[in-house]
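S.K.: What follows is each chain in one-letter form.
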Amino acid sequence: MIQVENLAKKFGSLRAVDGISFQVERGVLFGLLGPNGAGKTTTINVLSTLLPPDEGKVTIGGYEVRLDPAAVRRLIGIVPQEIALYQDLAARDNLLFWGRLYGLAGKDLGRRVDELLELADLHQQAKQKVETFSGGMKRRLNLVAGLVHSPEILYLDEPTVGIDAQARSRILEMIRELSNRGMTVIYTTHYLEEAEQLCDRIGVIDKGRMVALGDKEQLIDQVGDQDIIRLHLPQDAHKEFMEDFAESTDCLGVRIFRGKIEVCTVDGARMLPGIQAWLSSRNLDLQQLEVERPNLETLYLNLTGRDLRE
Amino acid sequence: MVIFSVAGKDLLRFLGDRRALVVSLALPLVLTFIMGLSFGGGLFGKSGISAIKIALVAEGIPELLRDRFTEGLEESGFFSVSWVDSNAADFLVRNGEVSAAVVLPDDFLRQALSFEEIPILIWKDPGSSLKAGIVEEVLSRGLREYQAGEAAYLGLWPEDAAAAGDSSAVDLVEKYFEGAFSTLWQSWREVENDSSWAEFQERTARIMDRQVALVEALGQPGIELEVQDKVSDQDVSQSEDINLFNYFLPTFAVFFLMFGVAGATGDFHRERKMGTLQRQLMSPLRALEFVLGKWLSASLQGSLQLMVLFLGGAILFQVNLGPDPWSLPLAIVLTCTAATGFFLLLTLLCRDEKMADNLKTIVVLISAMLGGNMVPVDSLPPWISAVGQFFFNYWANLSFSHILVSNRNIFEEPQPLLILFGATIGLLGASLIVFILRQRRGGLL
Ligand SMILES: Nc1ncnc2c1ncn2[C@@H]1O[C@H](COP(=O)(O)OP(=O)(O)O)[C@@H](O)[C@H]1O
Ligand SMILES: [Mg+2]
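Protein sequence lines, in the order shown, are assigned to chains A and B.
Read left to right, the first sequence gives residues 1 to 310 (the numbering used here).
Read left to right, the second sequence gives residues 1001 to 1445 (the numbering used here).
Derived from the structure by calculation, the hints contain no laboratory data.
Hints are not guaranteed to be accurate.
Simulated pairs of lysine-lysine, DSS-like, Cα-Cα distance not exceeding 27 angstroms [said to hold, decoys possible]:
(1) A:Lys-10 with A:Lys-207
(2) A:Lys-260 with A:Lys-239
(3) A:Lys-129 with B:Lys-1273
(4) A:Lys-207 with A:Lys-57
(5) A:Lys-107 with A:Lys-129
(6) A:Lys-207 with A:Lys-260
(7) A:Lys-107 with A:Lys-127
(8) A:Lys-10 with A:Lys-57
(9) A:Lys-216 with A:Lys-57
(10) B:Lys-1273 with A:Lys-207
(11) B:Lys-1354 with B:Lys-1273
(12) A:Lys-127 with B:Lys-1273
(13) A:Lys-10 with B:Lys-1273
(14) B:Lys-1354 with A:Lys-129
Please model the complete structure; the sequences and the hints are all you need to start from.
M.R.: Right, dumping it as structure tokens:
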């Protein structure tokens, strides 16, 4: 349904999107996960014909964005990152307007708009101006405004930013429902949990590059059968620890991250006795130690060295 | 058509914005009202509007006084004066040739010199909007000046009275005021011995009386005005009478229109910031449709604003809406389309809302200044009115002046409208090009 090949987009000298490729099959809920400034919105903007790509090829539903933008626009529905609604218009008038842009009119449009207000649970507030809405209500309206013309493909750009947990889970529910009905969805977020909970496939994007791509399980497999051992040591012992263990056969890698030693290993249980022996031979107390099964977060840490929750 | 959806949505937003409505609709009416009342048009009388013709009837009035009255009346900027006899004046009023006749009494001069209250008649058509108070003010000012002058004259140069046979007194005064200062001083010292002292005192007292009369004359209501209606056989609207609001209203309306349209076109940047612009451009809406829709909505807002103002003016101030039902609407619409094209182009050329707002405020003020919305174009130096022609409001003002003030069909002189039309097309085309260039460069994000 969606093919992106070596897409690049520059703003001046900044390569906001730097040669990314991915595919989204029909009906798949694809998550584009990355921290702020990673290039998610820029990617969405190219995929929705708002920005022409500088390099690469983007095909949506068989139409290339550069050659046939009009055809692409009819296929896609968009939920922008900001609340792109007329705050000074009533909820219903907003939806009517967005529907008209897609050539809907008359009774059909009215019926569709009522459906969407129902879906967003805003039918009671249909005649109220958007500016009187709470953050969650605005987000829900913003979402259904992208659905007026019943698009086959839906882009959601961080649709849960700035709202409380309850409002967020409601939005996620709506999206899951849409996906279950067969809609192809690209969902961008910088919340790892959202991507993990919601998406069938995930692309992790950082500094304009796709640093990992695949099903949730595949991604975790990329880190393989690894455990992470994290332990707290006095500063002066760091160097020695790293020197001693870097050569150890079980150790795949060791680094200092946020004041803690992180050891990447094939089997944590097998390595622990060795670490304990090392500690007691130097009269060091084990201040804190944890062994972690890898998840997307550790993957992300390994890939970018940055914490998504930042 | 999707253009109408874009424009309709904006119009809905405009009508839902009470503050914008007050600023763009109520404020200009209030201002017109205040200006109309307080100015009475003196400022604009000379340039924008032809003077009111009046006839003066005054038999046996010296040339000097006539000239003084004529000057006074014409100086005010309202009147052009002709001196006629009372039959002619009656005829002129009835035929609508003059707006009014001012009839001074036959013994006007005697009454003036004796500081009596002078009855003055004003004949006018009851439909004429001429204000009697203006005539009264001008006449009594002229009269007072004349009386004061006369009193001073007689008091200071009594020798002129010699012709009236008062030679002894003149001789006496001459005697006292002749020669060098020392001689004069000598005379004063010897005055007690002089037999003519009593006579001199009497003369001095008379001079004092004249001075007192002078002061009184300056402080007195010199004339009493009586207005007599004489129904004209002519249609009132055909007469030379003018309603100053016909001039003020369009001037203010266009000024406020500029602010209104400048604000309405600024919606481009607001939509950019809200993300609704981008959202529209990700829909099947094309650039052309977006630009046309924005242009249409701002033009409609402007037209609505002007129509309300003109209708309000017609109801509140009896403003003339032109000789036919289409001249004014056509001028309104073309004014608005050109104004919108102009401000849309400016908006699109600016990087962001702040820059656009600043630029547009300056441009509105400059256009208002040069195009004749602050000061009438005729009263500006010629080079400025030459520059003013490059602003759309110059041509808008011209069309409205044709229609409202001169009550002429706009097709009789279509040049201003053709220029507004041409400007609309040119500015709209330029706006579209700028929009597309911006879109290509990602300048719409
Ligand atoms: N219109 C623009 N002009 C210049 N730089 C931009 C523009 N839009 C985005 N950028 C830059 O491109 C990078 C990616 O931005 P964006 O795609 O918005 O990231 P994300 O949506 O993942 O937070 C950022 O460094 C941002 O500052
Ligand atoms: Mg973003």
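S.K.: Does each hint fit the structure? Answer for all of them.
M.R.: Cross-check of the supplied hints:
1. A:Lys-10 with A:Lys-207: holds, 12 angstroms
2. A:Lys-260 with A:Lys-239: holds, 12 angstroms
3. A:Lys-129 with B:Lys-1273: Holds, because 19 angstroms separates the two Cα atoms, which is no more than 27 angstroms.
4. A:Lys-207 with A:Lys-57: holds, 20 angstroms
5. A:Lys-107 with A:Lys-129: With a Cα-Cα distance of about 22 angstroms, the restraint between Lys-107 of chain A and Lys-129 of chain A holds, given a limit of 27 angstroms.
6. A:Lys-207 with A:Lys-260: holds, 26 angstroms
7. A:Lys-107 with A:Lys-127: The given pair, whose Cα atoms are some 18 angstroms apart, holds under the 27 angstroms limit.
8. A:Lys-10 with A:Lys-57: holds, 15 angstroms
9. A:Lys-216 with A:Lys-57: Holds - the C-alpha atoms of Lys-57 of chain A and Lys-216 of chain A are around 26 angstroms apart, at most 27 angstroms.
10. B:Lys-1273 with A:Lys-207: holds, 25 angstroms
11. B:Lys-1354 with B:Lys-1273: The given pair, whose Cα atoms are some 12 angstroms apart, holds under the 27 angstroms limit.
12. A:Lys-127 with B:Lys-1273: holds, 24 angstroms
13. A:Lys-10 with B:Lys-1273: holds, 21 angstroms
14. B:Lys-1354 with A:Lys-129: With a Cα-Cα distance of about 26 angstroms, the restraint between Lys-1354 of chain B and Lys-129 of chain A holds, given a limit of 27 angstroms.
Violated hints: none; the structure is consistent with every hint.
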